[in-house]
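Participant: Mapping to full-length UniProt numbering: the first sequence position 193 is 193, numbers consecutive.
One or more hints might be untrue.
Stated by the list, open to error - Here are the computed lysine to any residue pairs in the SDA-like style, where the Cα-Cα straight-line distance is at most 25 Å:
no.: 1; residue 1: LYS53; residue 2: LYS15
no.: 2; residue 1: LYS120; residue 2: LYS201
no.: 3; residue 1: LYS107; residue 2: VAL65
no.: 4; residue 1: LYS161; residue 2: ARG108
no.: 5; residue 1: LYS188; residue 2: LEU3
no.: 6; residue 1: LYS201; residue 2: ASP170
no.: 7; residue 1: LYS107; residue 2: ILE25
no.: 8; residue 1: LYS15; residue 2: GLY118
no.: 9; residue 1: LYS120; residue 2: ASP170
no.: 10; residue 1: LYS101; residue 2: ARG87
no.: 11; residue 1: LYS101; residue 2: GLY71
no.: 12; residue 1: LYS107; residue 2: LYS15
no.: 13; residue 1: LYS49; residue 2: GLY116
no.: 14; residue 1: LYS15; residue 2: THR139
no.: 15; residue 1: LYS161; residue 2: LEU210
no.: 16; residue 1: LYS15; residue 2: HIS140
no.: 17; residue 1: LYS191; residue 2: ASP170
no.: 18; residue 1: LYS101; residue 2: GLY118
no.: 19; residue 1: LYS188; residue 2: LEU157
no.: 20; residue 1: LYS191; residue 2: ASP207
no.: 21; residue 1: LYS15; residue 2: LYS201
As the list claims (entries may be wrong) - The calculated label-pair distances, taken between Cβ atoms and stated as ranges, are:
no.: 22; residue 1: TRP195; residue 2: GLN62; range: 46 to 54 Å
no.: 23; residue 1: THR27; residue 2: GLN132; range: 12 to 20 Å
no.: 24; residue 1: THR43; residue 2: LEU157; range: 20 to 28 Å
no.: 25; residue 1: LEU99; residue 2: THR139; range: 25 to 33 Å
Because the hints were derived from the structure by calculation, they are not lab data. Computed from a prediction, not measured in an experiment: that's the story for all the values here. All C-beta atoms in this analysis are idealised placements derived from N, C-alpha and C, irrespective of residue type, glycine included.
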Amino acid sequence: MSLAEVREFIELLAKENPNAQSELIYTTPYTLLVAVVLSAQATDASVNKATEKLFEIASTPQAMVALGEDGVAQYINSIGLWRAKSRNVVALSAQLIELYKGEVPGKREALEALPGVGRKTANVVLNIAFNQSTMAVDTHIFRLGNRTGLAIGKDVLAVEKALVRRIPKDLLRDSHHWLILHGRYICKARKPECWRCPAPKICHYPDKILTP
DNA sequence: AACTCGGGGCA
DNA sequence: TGCCCAGAGTT
Numbered sequence: 001m002s003l004a005e006v007r008e009f010i011e012l013l014a015k016e017n018p019n020a021q022s023e024l025i026y027t028t029p030y031t032l033l034v035a036v037v038l039s040a041q042a043t044d045a046s047v048n049k050a051t052e053k054l055f056e057i058a059s060t061p062q063a064m065v066a067l068g069e070d071g072v073a074q075y076i077n078s079i080g081l082w083r084a085k086s087r088n089v090v091a092l093s094a095q096l097i098e099l100y101k102g103e104v105p106g107k108r109e110a111l112e113a114l115p116g117v118g119r120k121t122a123n124v125v126l127n128i129a130f131n132q133s134t135m136a137v138d139t140h141i142f143r144l145g146n147r148t149g150l151a152i153g154k155d156v157l158a159v160e161k162a163l164v165r166r167i168p169k170d171l172l173r174d175s176h177h178w179l180i181l182h183g184r185y186i187c188k189a190r191k192p193e194c195w196r197c198p199a200p201k202i203c204h205y206p207d208k209i210l211t212p
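Model the full structure from these sequences, guided by the hints.
Facilitator: What follows is the structure in structure tokens.
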């Protein structure tokens, strides 16, 4: 996929998902960070439902620590991995208070040192909350990148670097939403619905299915 | 590299 | 009813 095609591809996906919001609904760096920690191996709808109630009670690290692990668990036990996530969210909040005066740090090393925060989560926060040129690569984006030819790489880091290098800066911040929605609902792992894809001519996937 | 956490969504 | 998931940590 040429660089001109990369831009066209991204713009077509953007047009396809005009209402993409996803992480943007979380208005502070802290609620964004917690929401993304909770989102691991879970669906966005279940996380949004849980965080809506949770953030009513605790939208700051101080309130989260006061709520405690058992309190947090009450709000998030409808999503998977809730024990570990409750533990991580409270521990992470305590560290924010102790090390960063309750603020979310804008540096990768600091973010990834927090419990429950890995490279993908750090990249979402850096991109959305701190407007840095990063890309959060999950399973959907990894598959879509390699399949379509948008970003070829043998591991997540390689795909991330390719995306940051190739996606135009003005599109980088929002492209995460468009890519992940496209990967989730159209460019699916099994039975991709290529006939719904707005960019079959640009895609390099050799096994395209152009009719239902 | 393999294993674990985990309730819910979906075929 | 079984398989898989908007990852991260441990072994």
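Participant: Now tell me if each hint is right for this structure.
Facilitator: Results for each hint:
1. For the given pair, LYS53 sits about 32 Å from LYS15 by alpha-carbon distance, which is inconsistent with the 25 Å threshold.
2. Restraint check for LYS120 and LYS201: the C-alpha separation of about 30 Å exceeds 25 Å, so the hint is violated.
3. Between LYS107 and VAL65 the CA atoms are separated by roughly 23 Å; this keeps the pair inside 25 Å, and the hint holds.
4. Pair hint LYS161 plus ARG108 holds up; C-alpha atoms about 15 Å apart against a cutoff of 25 Å.
5. Only pairs whose Cα atoms come within 25 Å are accepted, and LYS188 paired with LEU3 is accepted, the gap being roughly 24 Å.
6. The suggested pairing of LYS201 with ASP170 holds, with an alpha-carbon distance near 23 Å, which does not exceed 25 Å.
7. Annotation: proposed proximity of LYS107 to ILE25 holds, straight-line Cα distance about 22 Å (limit 25 Å).
8. Between LYS15 and GLY118 the alpha-carbon distance is near 31 Å, which puts this suggested pair outside the 25 Å criterion.
9. About 21 Å separates the Cα atoms of LYS120 and ASP170, which keeps this hinted pair within 25 Å; it holds.
10. About 20 Å separates the Cα atoms of LYS101 and ARG87, which keeps this hinted pair within 25 Å; it holds.
11. Distance hint between LYS101 and GLY71 is fulfilled; the C-alpha atoms sit about 23 Å from each other, no more than 25 Å.
12. Between LYS107 and LYS15 the CA atoms are separated by roughly 32 Å; this puts the pair beyond 25 Å, and the hint is violated.
13. With a C-alpha separation of about 20 Å, the suggested pairing of LYS49 with GLY116 holds against the 25 Å cut-off.
14. This hinted pair checks out: LYS15 and THR139 have alpha carbons roughly 23 Å apart, not beyond 25 Å.
15. Proximity of LYS161 to LEU210 is assessed by CA-CA distance (about 30 Å); at most 25 Å being required, the pair is judged violated.
16. About 19 Å separates the Cα atoms of LYS15 and HIS140, which keeps this hinted pair within 25 Å; it holds.
17. For the suggested pair LYS191 and ASP170, the alpha carbons sit about 32 Å apart, so the restraint of at most 25 Å is broken.
18. Restraint check for LYS101 and GLY118: satisfied, since their Cα atoms lie roughly 21 Å apart, inside the 25 Å limit.
19. In summary, the hint linking LYS188 to LEU157 is supported, as the alpha carbons are separated by about 21 Å, within the 25 Å threshold.
20. Taking the CA atoms of LYS191 and ASP207, the gap is near 10 Å; set against the 25 Å cutoff, the hint holds.
21. The suggested pairing of LYS15 with LYS201 holds, with an alpha-carbon distance near 16 Å, which does not exceed 25 Å.
22. Judged by the Cβ atoms, the range 46 to 54 Å given for TRP195 and GLN62 holds: they are separated by roughly 51 Å.
23. At roughly 18 Å, the beta carbons of THR27 and GLN132 sit within the given window of 12 to 20 Å.
24. Taking 20 to 28 Å as the suggested C-beta distance range, the pair THR43 and LEU157 conforms, at roughly 25 Å.
25. Between LEU99 and THR139, the C-beta spacing of about 31 Å keeps the proposed range 25 to 33 Å intact.
When the structure is compared with the earlier hints, violations turn up for hints 1, 2, 8, 12, 15 and 17 and for no others.
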